[in-house]
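**Q** Construct the complete structure from the given sequences, taking the supplied hints into account.
Below, each chain spelled out in residue letters.
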Amino acid sequence: MKPDFRRSMIWLHTYSGLLTGWLLFVVFVTGTLSYYNQEISHWMKSSAHTGTHSQPELIDHGLRWLHQHAPEASRWSIQLPDDRGTPFRLDYRQDKQRHSAYLNPQTLAPYTPVESQGGNFFRTFHYSLSMRGWGGRYYTGIAAMAMLIAIFSGIYTHRRFFQDFFTLRRDTWQKMLKDLHALVGILTLPFCFVICFSALLIYISLYIPFSIDHHFNSYRKLNAEVSTSYPKLALSGTSQAPLHRIQNHWPEVTEHWPGTHPVSRVDIQAPSDSHARVTFTRRSQVSLSNKPDTLAFDHQGQRLDMPEERLARQIRRVFYGLHEAHFAKPGLRAMLFVLGALASALIATGMIIWLQKRTEKARSIHPGHQLVEKLNLAVLLGLPLAIGAYFLANRLLPLEIPARADAEIQALFWVWLSAGLIALIVKAKHAKTLLLALNTLAYLSVVGIDLLWGQAMSAAMVTDGLYLFILGLITLTGLSFGYASVRGRQPC
Amino acid sequence: MSYSFQVLLRTLAATLGAYGVAVATTFGLVPVFTFLLSTPLSDAVYFSIMLGYVSFFAACIYAFSAASIKRLYLTLMLISLQFVVLHLAGGQA
Chain U
1 MKPDFRRSMI
11 WLHTYSGLLT
21 GWLLFVVFVT
31 GTLSYYNQEI
41 SHWMKSSAHT
51 GTHSQPELID
61 HGLRWLHQHA
71 PEASRWSIQL
81 PDDRGTPFRL
91 DYRQDKQRHS
101 AYLNPQTLAP
111 YTPVESQGGN
121 FFRTFHYSLS
131 MRGWGGRYYT
141 GIAAMAMLIA
151 IFSGIYTHRR
161 FFQDFFTLRR
171 DTWQKMLKDL
181 HALVGILTLP
191 FCFVICFSAL
201 LIYISLYIPF
211 SIDHHFNSYR
221 KLNAEVSTSY
231 PKLALSGTSQ
241 APLHRIQNHW
251 PEVTEHWPGT
261 HPVSRVDIQA
271 PSDSHARVTF
281 TRRSQVSLSN
291 KPDTLAFDHQ
301 GQRLDMPEER
311 LARQIRRVFY
321 GLHEAHFAKP
331 GLRAMLFVLG
341 ALASALIATG
351 MIIWLQKRTE
361 KARSIHPGHQ
371 LVEKLNLAVL
381 LGLPLAIGAY
391 FLANRLLPLE
401 IPARADAEIQ
411 ALFWVWLSAG
421 LIALIVKAKH
431 AKTLLLALNT
441 LAYLSVVGID
451 LLWGQAMSAA
461 MVTDGLYLFI
471 LGLITLTGLS
481 FGYASVRGRQ
491 PC
Chain W
1001 MSYSFQVLLR
1011 TLAATLGAYG
1021 VAVATTFGLV
1031 PVFTFLLSTP
1041 LSDAVYFSIM
1051 LGYVSFFAAC
1061 IYAFSAASIK
1071 RLYLTLMLIS
1081 LQFVVLHLAG
1091 GQA
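These protein sequences, in sequence, are chains U and W. So the first sequence is numbered by the numbering used here: it starts at 1 and just counts up by one. So the second sequence is numbered by the numbering used here: it starts at 1001 and just counts up by one.
Treat the hints as calculated values from the structure; they're not laboratory data. Please read all numbers here as calculations on a predicted model, not as lab measurements. Here a beta-carbon is modelled for each residue, glycine too, at the ideal position from N, C-alpha and C. Don't take every hint at face value.
Unchecked claim - Derived pair list, reagent style EDC-like, types lysine to aspartate or glutamate, alpha-carbon separation capped at 20 Å:
| no. | chain 1 | residue 1 | chain 2 | residue 2 |
| --- | --- | --- | --- | --- |
| 1 | U | Lys96 | U | Glu72 |
| 2 | U | Lys357 | U | Asp179 |
| 3 | U | Lys427 | U | Glu360 |
| 4 | U | Lys175 | U | Glu360 |
| 5 | U | Lys291 | W | Asp1043 |
| 6 | U | Lys232 | U | Asp267 |
| 7 | U | Lys221 | W | Asp1043 |
| 8 | U | Lys232 | U | Asp293 |
| 9 | W | Lys1070 | U | Asp4 |
Unchecked claim - To spell it out: a stretch of chain U is covered by chain W in this simulated footprint if at least three of its residues, at any positions, have a beta carbon under 8 Å from a beta carbon of chain W; those stretches are:
| no. | stretch |
| --- | --- |
| 10 | 146 to 159 |
| 11 | 185 to 199 |
| 12 | 311 to 322 |
**A** Here it is, written out as structure tokens:
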């Protein structure tokens, strides 16, 4: 097709990138935000996560509360607060329905958090695109494979790999963009590889199921064969006063898992049956695997055994865990967030460069170029605006309206649609100015609302580092858009 | 052969063809793992699927770099055939 391998790869890089770039941008931006899933949820729901009580004290209190409010429940769960903004939450299953109660970890008083999907919306959207029933996960899978091909073929666009890495020409916008694209591409190469390959491994049962179906009938069966779990709980039928103190189990827990906050949650199956089982789940910041460490005790206080899983399953779990990055401590998490943001920038600059190269040479504007230009605006500037609107809706919608969480998400999609219409109807140059200004306005007004009226700016919140961190990120985003709209001489 | 027709044929090879090779890999490597390396069946299926992605990737790159269309399609078919034979041989044994 092309005379040599290198030129074929450049061609492949151009078109695999162009065709999937917008989708990839959407997936990478929302996926990057998911690194701060808990933190964003904490900011949006104004939940409480700090206190001076020790973990056994909190668990004991949770048990007392559940005993009082849900004595008939078939299952109790106590989720303990952590420094990522996870709230202190009690869940119980009663009459086949899940109920939740939130307690303040300091005062131990129940409260109602703001009804919102929080950061979890970004997490589910980045792989299902809110089209779970309509093949959303297949599109993102295709995008992941296309990204792998684009990063591999992208390497061949550099004749002088190292020289290109250390080059950043700042004389013209076009050259700088091109050099930036190359620089960021090399920087994020390992990150993008791990993210895209692990994404493909997560849904093997969707993407290439045939061999599994042939050998095991269904993925469920294969999974049951390779995953290890505790034996199924056999109920005794005789009732018993539920567990109300954790002191008998705690020494063994701390012996296995040293540290002051070793546990992330406690589950009690069949709490009022005499065969009740207690399971402790370890904080996920310790292991790469997505299977958390657990310790389970039967009704006699005996620890239950779970066999080690075999290598193949563990490899996949580690890839899964690497993708989700629950293990990452604040520093590493920030680095992953920056890498994700850079990868999004890599995709965005690629789309812009494609267009620039062609409009420079062309005498008349081709309809295809116009389409790319409009889609670039609708996605590269429309998505950030939609996310800004999501945050804004979270602060502006009245707390008591029904289906509030859905209303926030609807705000996101309506604003995105409007941004798309602006890009479609208004001339590209003006649309870009307008969208940049709107982005600035959206993010800075979120900050303004919080600073001026925030229910959030109570004394407790000012000292809350997580809350301030997210607000800081939003401020930074707003200021960046502001800078771009003031200095917006560049064509997009 | 016109340029756009070539691009179409190569794109088909890179998508459907590569997927075919990938599926063939997920079947064909299972007996290789179970017989030669005596891997348990469940692990063999897992490993074959992971390598199936590698097949897809390689086939996709090859689809756009092969010298001729004829050679491209022949290669993809031969590789798939080889995996099919391996799978059938594994089923017999």
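**Q** Are the hints correct? Go through all of them and say.
**A** Outcome of the hint check:
For the given pair, Lys96/U sits about 11 Å from Glu72/U by alpha-carbon distance, which is consistent with the 20 Å threshold. With a CA separation close to 14 Å, the supplied pair Lys357/U and Asp179/U stays within the 20 Å bound. In summary, the hint linking Lys427/U to Glu360/U is supported, as the alpha carbons are separated by about 18 Å, within the 20 Å threshold. With a C-alpha separation of about 13 Å, the suggested pair Lys175/U and Glu360/U falls inside the 20 Å cut-off, and the hint holds.
Annotation: proposed proximity of Lys291/U to Asp1043/W holds, straight-line Cα distance about 17 Å (limit 20 Å). Our distance criterion of 20 Å between C-alpha atoms is met by Lys232/U and Asp267/U, whose separation comes to about 14 Å. Straight-line distance between C-alpha atoms of Lys221/U and Asp1043/W comes to about 13 Å, which keeps the hinted pair within the 20 Å bound. Distance restraint check for Lys232/U and Asp293/U: the Cα-Cα separation of roughly 18 Å lies within the 20 Å cut-off, and the hinted pair is therefore satisfied.
Under the criterion of a C-alpha separation no larger than 20 Å, the hint pairing Lys1070/W with Asp4/U is consistent with the structure, at around 17 Å. Check result for the stretch 146 to 159 of chain U against chain W: holds, 4 residues qualifying (beta carbon to beta carbon below 8 Å, three or more required). For the stretch 185 to 199 of chain U, the stated coverage by chain W is not satisfied: 1 residues place a CB nearer than 8 Å to a CB of that chain, which falls below the threshold of 3. A stretch counts as covered by a chain when three or more of its residues have a beta carbon under 8 Å from one of that chain; for the stretch 311 to 322 of chain U and chain W the count is 5, and the coverage holds.
Against the hints set out earlier in the document, a violation occurs for number 11 only.
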